[in-house]
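*Asks:* Put the two chains together into one complex, using the hints given.
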Amino acid sequence: MTFYEDNKELYDSIPAEKFQLVQNNEDIHDAAFRTKPIGFFKDVWLRFIRNKASVIGGIIILIIMVFAAIGPSMNSYTYTEQHTDLANMPPKVPWIAKLNLGIMDGHYTLTKRQYDNIKDTSKYPEGCILKLKNPRIINGVKIVDVVVDYYKYKGLDDSQCYWLGSDYLGRDIWTRLWKGTRISLFIALFSVLCNVIIGVIYGSICGYYGGAVDMVLQRIMEIINAFPRIVVLTLFIMVAGTGMFSLIMAMVIKGWIPIARMIRSQFYRFKGHEYVLASRTMGTNDQKLIFRHILPNSIGPVITQAMMAVPTTIFSESFLAYIGLGLQAPNSSIGVMLSTGQKVLMQYPTQVLYPAIIISLLMICFNLFGDGLRDAFDPTQRGVS
Amino acid sequence: MKKIKRILAVLVTGALVAGMLTGCSSKSSGVDESLTFSEESSEASKAESSSEASEVSAASESSAAAESSAPAAEADKPTPEGSGTLNEVSANTIGSLNPQTYINSYASTQIRRLSPILYDYFVNDTGDGIVLQGEVAEEDPIDVNGDGKTWQIKLRQGLTWENGDPINADTVMYTWKEVLDPTLANSRGGNFAKDVIEIAGAEDYYEGKSDWDSVGLKKIDDYTVEIDTVAKQDAQEVMTHLSHPANCLVNEEYYEKGMNADRTETLYGTSADYWISGGPFKIESWQNDEEIHMVKNPNYVFADKIWLAGIDIRVVEDTSTQMQMFENGEVDYIAVPADSMAQYEEDPRLMTSYSNCVRHIVINSADPDQPILGNENFRLALFYGTDRKTLADMNYGIPADYIVPSNHIIDLATNTAFRDTEEGKANTDPVNYSYDPDKAKELFNKALEETGVDSVDLTMIYNDTAAYKAMSEFVQNSWQQLFGEDKFKLELQAMPSSQRGDQVRSWPTNPSAYELSWAGWSSTSLMPWNAFKYWTSFYTAKNEPYINDEFDATFNEACYGDNRFDDGVRLKDVDKMEDMLIQHAIIIPVNEIMDHYLKSDRVELTQDGWMNEVGWGWNFCKIKE
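In order, the protein sequence lines correspond to chains A and B. For the first sequence, the numbering used here assigns the number 5 to the initial residue and increments by one for each residue that follows. For the second sequence, the numbering used here assigns the number 216 to the initial residue and increments by one for each residue that follows.
Do not take every clue at face value.
To be verified - Over 12 Å on every C-beta distance to chain A, these chain B residues come out as not near it, computed from the model:
#1 296
#2 363
#3 372
#4 389
#5 431
#6 432
#7 503
#8 514
#9 539
#10 584
#11 587
#12 640
#13 667
#14 681
#15 722
#16 795
Claimed, not checked - Once the Cα atoms are required to be at most 25 Å apart in a straight line, the calculated PhoX-like pairs of lysine-lysine come out as:
#17 A:156 with B:604
#18 B:839 with A:146
#19 B:604 with A:158
#20 A:156 with A:146
It is worth saying that the hints were derived from the structure and are not from the lab. If you're wondering where the values come from, they're calculated on a predicted model, not measured in any experiment. Where is the CB? At the ideal position from N, CA and C, for every residue including glycine.
This is chain B alone, in the form it adopts within the complex (with noise of 0.2 Å):
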């Protein structure tokens, strides 16, 4: 019996060399000259390739048209039920479809693709521009008194929720009643009372000061609503403002439906059995934290722009598994995490985009526990002493010690991006992003001088994902590094992403919240100047202490001053705001994030690649079988 085994061991052994031995023969061959490339979905392909090919199976990457569904009529019309079904994958849950508290961008698109809304960016007949149209809406507001205060807004008429109910004036009178509603204190309503234009009498019926009567939005007829504001707008901000994804319209009948009893709550929006569609798409089926299943709305107003049948999501943590995903072609777009990217970088399905967002470090310069932070030496000497080249390079991204990302228009005529501008390159440093480690260190000990302490002990808290984890480390390292760990020391706290972000939200309530943190505003980027209203001393869900008269009046005069639509008034306001929050280093930008996707081919989107406030278009994109 012992010979037996031992006779098996030698084999085996003798096998796993062999097998060794081979594999090392085949490595010292070098560069191959004569190559032979073929189609890779190609039967051909499989046949020719070498043993080695099966390493990177070129079978399963053309696997991806696999997919069963009805065959495609070649038409130059949507079918109504539309055909081919989009894959996607992604590492975020809903929790909650209800635009007026949803919390995270992920949520606010399936929220759009899921609900009908006033005004939205579409791209327009030719697919090289973006126009911003009513869905809901008929026409353009229309400035009834000339003053432009007074908006009426006409519906279209015929739109009907999933069930058949109609989509009216009453469906948006509800919507804003709802969301300015004090009681409910809805996230959003502080956005909705005032953002891009301020609606008369709004912001204090949401802070409990007055009644519904005394807001400026009335109801006209069936299908007409009304609008009155504070300042002098003009149609394109109105429309804007009601483009926001929180602005999407709910259905009285299932908000009610999950109404608590006094009225403090409701559930809509967090399950299939408290939701009804009205938008592009409709639910399915809905399983949250697992899958959700969307199916093209033949009712939807622009049915005749949606080619998909329906939009399957499955919801998968893991990025590495996303990516197999991909390459298994189970997913038909994927956005490729920065620890990939060094397997992507050059593939020629490899799309990159600007993400509309300047990553940044928030520093709690309130913060009675560290008064060191409220030291503008201080603040300056992190600014100088952060290294943006070398943070970008690692997540492919741009170096940015800026705040106004490079796609956000200041001019939309010209189609002009603040960045291009002479006042936007001002505020730049091209050769080395503000990073000046000399300077660093002559501004923190100046700092500590002032201070009177000898030596510096902060916390910086991060979302627990691999981009920010590599960030902070670097950060941490080359921070104790310049400084000296004797007089600078930065623990890490890495959390879950729902816990750090309630951990900063509660700053209001303690001002200890938090020291240092990351950050990253996305907002509209043809409206520069809108993006500043996070740090403004009104901004509902402030969670940053930043308190300063002169950028307030400065971002109201860029929002509602008479004189706003004056050449270069917004550049100079932009400029303005950017500066003060740079100069006295209010937070520390760091990089721009790109957003780097691979998309299979059995997907043909219809636009001209990636355009600002409708992205790639996924919602209106073609599967070819």
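Extracted from the complex, chain A is given alone in its bound form (with noise of 0.2 Å):
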């Protein structure tokens, strides 16, 4: 303008026609993005997949998740049929017993066997001594142990084994142990579901009418949480007796209460913004403005702490069941099967190791995935690459 002001007389000078409109025949636009563009969820994946350990422990869940539903169908057992004569029979699946590792090939040491015994083809069938080995004398006796081919010691033939080994019944661990998986996890995903469902329920009441309302709740929730976990799990145990749906229940007494929390936080946070306020001035009910405009904020918090919660909650199955409140028999989980397995660490290693190896990988890559779904659901991540 100024610019205008002090040369007006040059300006003027200039004649009109000497000016030319530029776009006379376009509209205008602006640029065309490059890229394509991305929703919410679409960004989350894209971080998520990022992280290569969240992804490998994802696809670790998914395996097991699998194997789950249909391990316990790949063989002829089902996990109830008792072979009392195949009791704590070694595992062996025969093409890793050809490659000669020295694992799962069906060998077992039995301890502190009478030397003149050996012999006796009816104690030992044909071919089934692998080797004698720690020759000693007690109390006059010959001692030794021996290697043998458990299940030619025993009278099968090549054809049956136990993948895994077999229990104190003589049940098939293979078939027990995805059994007891499917069990776990499906005990962890319900009782979380029902976490998540109550927590969110409860916070964003808490969260959203505030006040007196949050104050009472508030104070209901710190008096259930003042009580210790394993304690509270226990009693209610007692009390309610053991099955799937009070371990369910014992699982859901406490475990609201964080997803609560967050939710509150996420309402107190969201409940002030211009576009609740616009929303609420238009008329819109409670209802709608808890649910459409202020929760799904909330979703990408609530997921990842969902996630963290079920390694923690399949653990305190684990847990009731080792000390005895679990499952009842002939009912299996990971947590019972560690129980028996313990009993006779030093006699059959082997049936405790299976169930803590699915235990230790379930508990860690649901760990690291939550880990990756939090950092994918960050929003100070977004867009940020």
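*Replies:* What follows is the structure in structure tokens.
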């Protein structure tokens, strides 16, 4: 303006016909994006797959879930089928046995056998003895440890085998392990789902209404939270009895509290935002404000927190089974198998090994997976790269 | 940096693979015919043994003798202090050493070690048999009037508690008065009033119906007491009655010290502060739930039979840890749990004995919520549907379709076991042990018809131990298979033994306290008739609903009948009682438990193997250093 004011004479001296409109026949557009537009979940996904550890965690969880689904039907045994004469068989997988790795070959060391009985074929069928070791004399009797092909020792032919061995009642550990994993996962996922539902509703009400309602509900929550978790779990099971339903309920008693807290803080953060105020001014009811406008902001943290809760729940279930308050026989779960396997740890270490591997994998993988999700859902990371 | 890591990883993997390969090569060498056997404990064996020997460390097994202790004097008689400490391990805790309220046999063993008693079973001087003789009592009871109803017991003079207080007639009278006290209502009182003998007026006093003066227990002088019995008894019966561990003597000062204000409970025997010893051993230190350390009591009347300087007991709940402790020489002997037996079945150190009890399934046949349990055909179906052979093999026991255990002697004179008599044999099926699936199914269907139900849904409670878990799961599976899962369902409920016990014992007040459970009563092996008291209607700790007048009458005849000493009367009575319980499937006998022990070399038993009533005689063993 000043430029024109200052040079008024000069500009006015230029004749009007010397000027020409630039875009006479074109509409004006923004430049088109060179990349594709991405939504919220797409963005999360892109950030998630960049985290290798959590992807691997997710894949392992998926594999375990697939085996939990199909594992029990992969051989002819059922999880309750007993063969008491074939109790505590060592693991044997025919193709691994052929590799001569010293694992899963059905070999077992019988300790403290009398040397004089070694030749007795009614006790040791032809060809079952692989090696004698550790010869010694106890109370004047010749004693050796005998390494045997346990399947031949029990008079079985090559076709019959327990992949991961059998337990104290001759039940197939492979079948029971995957059946148990299925049940453990079911209990964990179902109880987490219950926790999320209760937590979201409770937290929303606290956070949205605030004031006296929040005050009362928060105190109730604090009272529930004041009792130690293990004590509450144990007492609940003792009163309600064991069983899948009461196990799930036991996990729910305190499990929903962290989710409710997190949701409440999210509500406090978002309920004062302009778009919420605008919507409210236009007469939107509370329900719609809560579920349509505010809650979707918390979806990321909720999913993350739920994932992180799964391993804790699996662990709690195992703990309860371990102290004898888990599922009742003949049901199996990872905790039940750990608990029975631990009792014979010295004699049959493989019985505790496999459930231990599965529960460790599940714990690690769910944690890695949850970690990855948390980073992926983190709004501060959005669009950074 | 990354390269170094990679190289390291390769090296580690290589080492692992190499280790595996060497492991394989040694395995493929086959049966070695030229083995050198050598004594485990000798130094030579350690040097000679190949590298593989380290898998089961020979050194660890031979280190049992490492215990430091006073050098054992090679004498014929034990020294007053004894020598060597016996190391024991237990999964049980004592709870209370009060003989009048104890609840398990582990507690009673310790009570007997620490308390004086009037009479007890001892190994005879030659070590090949047992005698029932006086400990605090000087001699056998005297039949004063010759009618077998008034018995005088002379006590030894000069016996003391560990603090020097005398043990005399006042001690005995105090003990008797307290065990029967109606306000204290000690759980063992009923048994004292009436078991092998029935003491005149004692039951009425215990139930609060009369006063102390009417009880047939009297002090004659400082070292003589007198018992009046209801029926005619012989001296052996009086002594047997008084030899029950619940009748160990208690110390008045300490018993009163622990008594509460309204005299309903005493702390006696719950901690070292409320305990004083007067038996073969005395407590040096005691932390309940952890350990107890006992030392020899030099003032014990038979101190010249006790070789040990002391006994250490540690509480370790986990049986596999216990086995490990034995292998490491920390424990001198151990009961081998069934799940470890596979490792030791050929071990030459293994010692096997009867455990004096038939394990059976208890049926709450009067459960108002489960009327089917009252149906005899249904119970018989369970009886015939139980595969005892398999269950026994699982636990290295003996299949039992009977109630009187194999070691119970019916005729002391000829040492004949009841199971060896014609009558005893007639009650059993030596081939299939009464396992008859077809008959069971038939009876089951008949029972369903009679009761008009389509399916049965029962719950069995069991102690949360490996053996009971395995047996319960087997029973569950086999019954469901046999009767059809659509018609018969058995739920299992594991619980700690104390909780299960409480639940079963609550039966008198709660008739549906349990449906099915496990039990195994142990009793005096020299009086098989006495073992049937648990099913009489007047048994004070009764928790099974069987009530039958004829059964009671038979029991009374065998125990107190005038003709009971006549030839064959008791045999006939035992046979009849066993038959009544089995024929109507009041309980389902399953197997006889066998006890398996391993003993370390440093322990030497002073008797010829296991004997009825005295067991292996651990209290009297010697420790070799």
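*Asks:* Of the numbered hints stated earlier in the document, which are not met by this structure?
*Replies:* Failing hints, ascending: 9 and 14.
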